[in-house]
Amino acid sequence: MSAKLQEVVNKQKDQKNDTGNDENQVLQLVGFVVGEEEFAIPILTIQEIIKPIEHTRVPRTPSHVLGVFNLRGSVIPLIDLRMKFGVPAIKTDDMRYIVLRDGEEIAGFVIDRLNQAIRIDRNKIDPAPEATTQEKSLIEGVGKQDDKIITILRVSKLLERDF
Amino acid sequence: MDEFQEILQDFLVEAFELIEQLDQDLVELENNPDDLDLLNRIFRVAHTIKGSSSFLNFDILTELTHHMEDVLNKARKEELKVTPEVMDVVLPSIDMMKALLQLIRDTGTDKGDIVIEQIVKELDVISKGDAEPTPSEKAETPVEKSAGSEKNSNDAEKQGDYKDPLADEPELDYASMSDDEVEAEINRLIMKKQTVINTKKKEEKTKESTENEDSDHIEINMSATEEVSKEEKKTPAPVAKKASDNKKAPAVKSPPPVEQTIRVDVKRLDHLMNLIGELVLGKNRLMKINDDVEERYEGEEFLEELNQVVAMVSLVTTDLQIAVMKTRMLPIGKVFQKFPRMIRDLTRELSKKIDLQIEGEETELDKSIVEVIGDPLVHIIRNSCDHGIEMPADRTAKGKPEMGTINLKAYNEGNHIVVQITDDGKGLDPAGLKAHSIKKGILSEQEANSMSDKEAFALIFKPGFSTAAQVTNVSGRGVGMDVVKTNLEKLNGIIDIESDLGQFTTIKLKIPLTLAIIQALLIGVQEEYYAIPLASVLETVRITSDEIYTVENRQVLRLRDEVLSLVHIADIFDVERVFENHDHTYVVVLGLAEAKIGVIVDSLVGQEEIVIKNLGEYLKGMDGIAGATIRGDGGVTLIVDVAAVMHMAKDIKSQAVAIETVSSKPKNGPEDYTIMVVDDSKTDRKIMKSALKPLGVSIVEASDGVDALTKLKSGEYDIDGMMVDIEMPRMDGYQLATEIRKYNKYKGLPLMAVTSRNSKSDRMRGVEAGMSEYVTKPYSADYIGNVVRRNLGLE
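Chain order of the listed sequences is A and B. So for the first sequence, the numbering used here puts the first residue at 3; every next one is plus one. So for the second sequence, the numbering used here puts the first residue at 120; every next one is plus one.
Simulated from the structure, these hints should not be mistaken for laboratory data. None of these values were measured; they are calculated from a predicted model. Just so it is clear, CB atoms sit at the ideal spot from N, CA and C, and this is done for glycine as well. Errors might be hidden in some of the hints.
If the Cβ cut is set under 10 Å, some of the chain B residues that face chain A in the computed set are [said to hold, decoys possible]:
#: 1; residue: V435
#: 2; residue: L439
#: 3; residue: I441
#: 4; residue: A442
#: 5; residue: V443
#: 6; residue: K445
#: 7; residue: T446
#: 8; residue: P549
#: 9; residue: G551
#: 10; residue: V694
#: 11; residue: R696
#: 12; residue: G725
#: 13; residue: E728
#: 14; residue: K732
#: 15; residue: L734
#: 16; residue: A747
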């Protein structure tokens with residue numbers, strides 16, 4: 003019996019590896035727009051995307067930290083990506099909060115609108131261009147897709163306290 | 120391997136529990152060296168640990184406990200008298216045993232830096248060399264001994280009951296027996312004792328009951344020492360005490376019923392508490408919705424049903440919360456336990472005589488608080504021993520009893536528990552404390568002058584403050600009391616000191632009962648709301664804006680007999696002031712540790728039960744914010760960190776409540792302002808004039824109060840502010856200010872007192888008279904310029 007079991011387990015492992023390999027080649031992203039530019043974030047780091055809800059200001063924080071909001075009983079920081087990227091904030095109906103999680107760290111980010119889900123081959127992603135700005139590390143890579151270029155953001159850096 | 124780990128875990132849990140009781144027993148033993156029962160108990164602990172450790176191959180621990188056992192065995196068989204000298208060896212060996220156990224817990228082995236040879240040698244000297252000291256002691260103290268046995272009539276009884284049946288036992292060499300044999304031997308002796316006892320009647324019955332109680336108490340202790348404390352449970356310490364009391368008087372009480380206990384991992388309790396927290400939030404929300412629904416569907420039938428359900432849910436939630444809170448409660452006696460031993464060591468080290476009295480050890484506190492309260496108490500008690508209680512000779516010289524007393528007391532007071540430490544030592548000297556602080560650079564002379572006695576007492580909590588002439592082992596490094604303050608702030612506690620020089624010092628620590636779910640006062644400022652932990656709120660007062668005075672750049676409020684510094688919450692949290700408030704405002708008086716402050720708020724919303732949630736990694740440790748809570752309407756409200764706010768308030772310059780003087784002419788620049796300088800000394804007026812010159816304001820002079828008042832009332836000059844000297848002929852500064860303030864027209868006129876009188880009472884008189892600012896001579900031109908500019912709104 004144990005031999006048989008082992009066999010099944012092995013088989014499953016193989017299968018997993020197969021699909022794993024496949025998945026490893028393709029990265030799933032969610033694309034969104036902030037200001038004029040399009041950005042993307044790996045889909046696995048997104049906990050959820052919600053419509054804007056009321057938030058509470060937290061004193062003595064930089065202007066891009068809007069405050070905190072209540073997500074089903076948890077208090078979560080809210081960061082305005084438009085302010086962070088220096089784009090004027092306009093209120094639209096398409097505005098969303100993207101809640102990102104990296105381990106224990108979690109925060110909501112205000113974006114102008116969602117774009118699309120993107121599947122992109124890993125080898126089509128280039129490392130971030132050697133920019134001199136401090137934003138350098140905020141960009142994980144640049145994906146080339148058909149005719150356009152998508153900036154992939156580094157979630158761990160987004161969730162890092164920057165003040 | 121896993122099995123071994125499991126056994127090891129069990130061993131460690133058991134050992135630590137045994138040791139906790141041991142310290143107390145040993146100290147008691149020293150006072151009561153003939154208590155065979157105690158000795159047996161102690162012997163059993165050493166023996167149990169020895170047995171288990173040899174089984175688990177902890178050779179060093181086995182070796183140590185083996186020698187301890189030898190000594191204790193001798194003492195048990197009365198071959199050795201327990202003297203303080205013996206205890207001086209036994210106690211450190213227990214400490215070493217603890218250290219070894221800790222080492223095992225942390226590293227899994229007892230092979231570390233701990234060297235036991237020395238202590239083993241000392242133990243050996245006692246156990247082997249007892250032949251020498253015993254006769255000499257006997258020769259020395261025959262009287263004492265007989266007196267001792269007379270005194271301890273209960274001992275006689277005990278000897279009758281306990282010793283006799285065992286006296287005919289051959290003296291066995293326990294050390295050479297295997298553990299099982301010793302265990303069997305002990306069991307046999309106990310059995311024998313029991314049978315002898317059982318043959319007797321009445322007396323023995325009571326005896327047995329105490330015996331039962333004894334074993335019960337250990338049992339209870341074991342369950343109580345773990346993290347769970349049971350509701351309704353008799354706390355171990357009092358039981359222990361009662362048990363020993365009962366031994367002295369013939370026991371009347373029947374043995375307490377056996378209580379069922381269960382060990383629970385603290386994590387599970389924490390989780391339960393979190394869930395309850397969510398439930399409380401849900402309840403708050405439900406009640407809010409119920410209110411809304413009630414408003415909308417007034418008179419509908421289903422409302423009553425809804426009301427009932429909501430009321431029921433709310434009631435059950437509250438009960439549930441209390442029940443879970445109680446499971447997390449531990450008697451504070453758990454913390455107090457270590458103090459008798461500490462005092463004993465300190466008295467020997469400092470050669471003082473100190474008696475520690477403990478009261479209210481059954482008072483219960485949340486586990487998380489019990490863990491934090493230990494350190495502050497250690498520091499306070501050490502301080503009392505070292506600085507408070509005088510040397511025996513000094514005490515007799517002062518006509519006090521030679522033996523100093525430290526009283527440690529815990530009791531409930533509303534939603535708080537109060538721990539009070541009183542020593543009848545030399546007390547605190549306010550003047551001395553001030554002088555010392557000035558010397559250390561913690562305090563300026565000016566500050567010292569305006570300080571009350573209570574404020575001076577609080578100086579002992581300043582970091583770097585130590586009055587001990589030299590650093591001793593015990594205290595004097597100037598960090599201890601700072602620890603007290605920090606820990607109390609963490610708990611939202613309040614410290615209160617009372618002292619009478621030469622008589623006593625009392626330090627009161629007031630601590631909220633729990634931390635996770637708290638009562639909070641909700642306040643509003645502009646359109647924002649904040650929650651202030653109710654534990655830190657002393658009172659709220661409604662005032663009008665002209666009750667606020669400015670003294671040296673700070674807004675203050677005179678509240679009964681004290682002056683309270685004020686800070687506007689909008690200034691702390693950078694709230695934009697869109698609309699100004701009406702003529703009245705609210706002040707929330709906050710007290711934390713030893714400090715007090717008034718916070719001005721726009722409105723008081725009410726009291727609510729809140730659950731503290733943290734702001735997450737990203738916003739962790741924001742100044743002034745302790746966390747957040749979710750309100751009934753689903754919104755997030757921030758919780759004020761009272762300690763931080765008090766700290767922040769110091770850096771906030773008061774924006775003097777802008778009260779415009781009624782003025783017809785538009786003021787375009789400093790040249791449109793007129794200042795009246797009132798001083799009887801021409802020289803002083805001249806100095807003031809030159810100081811004000813750079814400002815460019817026009818100046819009018821007056822030579823005394825009467826002159827100034829006439830000039831002001833004549834309307835000849837449009838006065839925008841006055842610099843007022845205090846000491847003047849005919850009418851002094853205070854009178855002048857009082858006269859001026861009688862006129863509605865001049866209610867808002869800035870009156871700046873300029874004087875060399877700088878004591879607190881002078882300032883107070885100034886505030887009372889209606890001075891808006893108090894400047895002390897000598898002043899710099901820059902300073903006076905700033906004061907005038909600010910008061911005229913020229914900034």
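Worksheet item: Hint by hint, which ones does this structure get wrong, listed from lowest number up?
Response: 1, 2, 3, 4, 5, 6, 7, 8, 9, 11, 12, 13
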